[in-house]
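Protein chains: 2
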Amino acid sequence: MIDLKSAIRSIPDFPKEGIIFRDITTLLLDPEAFGEAINRMHEFCRKRKVDKIIGIESRGFIFAGALADRIGVGLIPVRKAGKLPGDTIEQTYDLEYGSATIEVHADAISEGDSVVIVDDLIATGGTLEATCKLVERMGGTVAGITALIDLSYLPWHNRLGGYDILSLITYDSE
Amino acid sequence: MIDLKSAIRSIPDFPKEGIIFRDITTLLLDPEAFGEAINRMHEFCRKRKVDKIIGIESRGFIFAGALADRIGVGLIPVRKAGKLPGDTIEQTYDLEYGSATIEVHADAISEGDSVVIVDDLIATGGTLEATCKLVERMGGTVAGITALIDLSYLPWHNRLGGYDILSLITYDSE
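Chains P and H, in that order, are what the protein sequence lines are. The opening position of the first sequence corresponds to residue 1 in this note's numbering, with each subsequent residue numbered one higher. The opening position of the second sequence corresponds to residue 1 in this note's numbering, with each subsequent residue numbered one higher.
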């Protein structure tokens with residue numbers, strides 16, 4: 001089994017001093033590591049009922065595109081407010097300072113849809129929790145969440161504890 | 001053959017009055033149309049030497065992710081300035097009013113690399129032309145450009161005339 005963590009590049013002080021940024025672009029550039037990541041996410045999806053894949057802007061789109069193509073289901077983009085052109089449903093969530101709002105097209109999810117949500121990174125879990133709320137408000141079910149990386153030292157477990165999650169790489173500390 | 005154009009939704013007055021926005025999210029949501037789009041882009045890539053796929057932020061990531069996965073090559077994200085954490089090379093280009101800057105990681109493309117560039121939409125061609133310049137400044141070759149949609153009434157042909165382009169859906173007028 002390929003060691004996916006070794007394909008991640010850690011960059012100190014980005015985007016600001018004291019933060020170690022986990023750079024996934026080195027993994028994307030490595031066909032073996034990228035393929036293995038998609039294989040494992042695909043395996044997770046295969047064990048669940050997946051009517052649609054949700055990709056979270058913007059790095060989540062890379063993995064969501066590959067997964068939707070492999071599984072043969074539709075892809076739903078969840079984006080920052082103001083970017084989707086049709087009628088949307090929005091969800092606001094708290095950040096460390098202030099708040100953020102994400103949106104999904106109002107006709108993208110139908111009652112009874114079972115979805116898997118895909119992103120690159122689970123940090124505070126705020127965006128993912130807001131996405132789960134959007135799905136459920138629209139009558140859908142979250143069959144699972146998958147991400148390349150999770151930062152287990154951040155309190156995302158509190159927010160996403162009730163969901164079935166596959167993360168491929170875990171960082172226990174900065 | 002599936003009529004991909006019928007899977008696109010046209011939304012008047014977005015993002016501002018007088019603009020008809022071509023919304024690709026309805027195509028993404030339709031597994032047959034999305035699969036057919038990836039099939040055709042994949043066929044285009046198969047006829048060329050593709051060492052790496054470049055995806056342009058952010059909707060380009062969806063198609064680039066699926067193509068890199070199918071072909072089994074690495075994916076390089078081209079992003080707006082300030083978003084890539086490593087050392088970057090940047091390219092500035094003119095917009096109708098003002099300018100924009102895109103970046104790529106400096107170590108993403110090696111001398112002699114042959115790449116296909118993927119985006120959702122060709123409008124003025126400014127971002128794609130800037131991406132081609134980045135590739136060539138780094139010693140790479142643009143084997144082709146593929147996009148879901150092109151707006152043939154905008155002057156992108158002047159900017160991208162020298163490149164081999166596959167667009168799947170053409171709009172001749174607003």
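In case anyone wonders, no lab produced these hints; they're calculated from the structure. These figures come from a predicted structure and were not determined experimentally. Positions of the beta carbon are idealized from the N, C-alpha and C atoms, including for glycine. Please note: incorrect hints may appear among the correct ones.
[To be verified] In the SDA-like style, the derived pairs of lysine to any residue whose C-alpha atoms are separated by at most 25 Å in a straight line are:
no., chain 1, residue 1, chain 2, residue 2
1, H, LYS83, P, SER6
2, P, LYS83, H, ARG70
3, P, LYS5, P, TYR97
4, H, LYS83, P, ILE149
5, P, LYS47, H, ILE19
6, H, LYS47, P, THR101
7, P, LYS80, H, SER99
8, P, LYS83, H, ILE19
9, H, LYS80, P, GLY72
10, H, LYS47, H, TYR153
11, P, LYS83, H, TYR153
12, P, LYS83, H, THR101
13, P, LYS5, H, ASP51
14, H, LYS83, P, THR101
15, P, LYS83, H, PHE14
16, H, LYS83, P, LEU95
17, H, LYS133, P, ASP30
18, H, LYS80, P, ARG79
19, H, LYS16, P, ASP107
20, P, LYS80, H, THR26
21, H, LYS16, P, LEU95
22, H, LYS80, P, LYS47
23, P, LYS80, H, GLY162
24, H, LYS49, P, GLU32
25, P, LYS83, H, TYR93
26, P, LYS16, P, GLU32
27, P, LYS5, H, ASP94
28, P, LYS83, H, ALA7
[What the hints assert, rightly or not] Derived contacts from chain P toward chain H, CB cut-off under 10 Å, selection only:
no., residue
29, PRO15
30, GLY18
31, THR25
32, ILE71
33, PRO77
34, ALA81
35, GLY86
36, ILE89
37, GLU90
38, ALA108
39, GLY112
Going down the list of hints, with the structure as the test:
1. H:LYS83 x P:SER6: holds (22 Å)
2. P:LYS83 x H:ARG70: Measuring from Cα to Cα gives roughly 28 Å; hence the hint is violated.
3. P:LYS5 x P:TYR97: violated (30 Å)
4. H:LYS83 x P:ILE149: holds (18 Å)
5. P:LYS47 x H:ILE19: Violated - the C-alpha atoms of H:ILE19 and P:LYS47 are around 43 Å apart, more than 25 Å.
6. H:LYS47 x P:THR101: Not OK: H:LYS47 and P:THR101 at ~43 Å, beyond 25 Å, violated.
7. P:LYS80 x H:SER99: Holds. P:LYS80 to H:SER99 sits at ~23 Å (cutoff 25 Å).
8. P:LYS83 x H:ILE19: The given pair, whose Cα atoms are some 15 Å apart, holds under the 25 Å limit.
9. H:LYS80 x P:GLY72: violated (30 Å)
10. H:LYS47 x H:TYR153: It is violated: about 28 Å lies between the C-alpha atoms, which goes past 25 Å.
11. P:LYS83 x H:TYR153: The hint holds at about 24 Å.
12. P:LYS83 x H:THR101: Measuring from Cα to Cα gives roughly 20 Å; hence the hint holds.
13. P:LYS5 x H:ASP51: Satisfied, since the Cα-Cα distance of roughly 23 Å is no more than 25 Å.
14. H:LYS83 x P:THR101: Roughly 20 Å separates the two Cα atoms, so the pair holds.
15. P:LYS83 x H:PHE14: holds (10 Å)
16. H:LYS83 x P:LEU95: With a Cα-Cα distance of about 19 Å, the restraint between H:LYS83 and P:LEU95 holds, given a limit of 25 Å.
17. H:LYS133 x P:ASP30: holds (23 Å)
18. H:LYS80 x P:ARG79: holds (16 Å)
19. H:LYS16 x P:ASP107: holds (22 Å)
20. P:LYS80 x H:THR26: holds (18 Å)
21. H:LYS16 x P:LEU95: violated (29 Å)
22. H:LYS80 x P:LYS47: Distance of about 37 Å is beyond 25 Å: violated.
23. P:LYS80 x H:GLY162: violated (35 Å)
24. H:LYS49 x P:GLU32: holds (19 Å)
25. P:LYS83 x H:TYR93: Between P:LYS83 and H:TYR93 the Cα gap is close to 22 Å, so the pair holds against 25 Å.
26. P:LYS16 x P:GLU32: violated (31 Å)
27. P:LYS5 x H:ASP94: violated (39 Å)
28. P:LYS83 x H:ALA7: Distance of about 19 Å is within 25 Å: holds.
29. PRO15: Given a least distance of 7 Å, the restraint on P:PRO15 holds.
30. GLY18: Status violated, d = 14 Å.
31. THR25: holds (6 Å)
32. ILE71: holds (9 Å)
33. PRO77: Holds. Min distance 6 Å.
34. ALA81: Violated - the Cβ of P:ALA81 stays beyond 10 Å from chain H, reaching only about 13 Å at its closest.
35. GLY86: holds (6 Å)
36. ILE89: Interface hint status for P:ILE89: violated (14 Å vs cutoff 10 Å).
37. GLU90: violated (15 Å)
38. ALA108: With a closest approach of 6 Å, the P:ALA108 hint holds.
39. GLY112: violated (16 Å)
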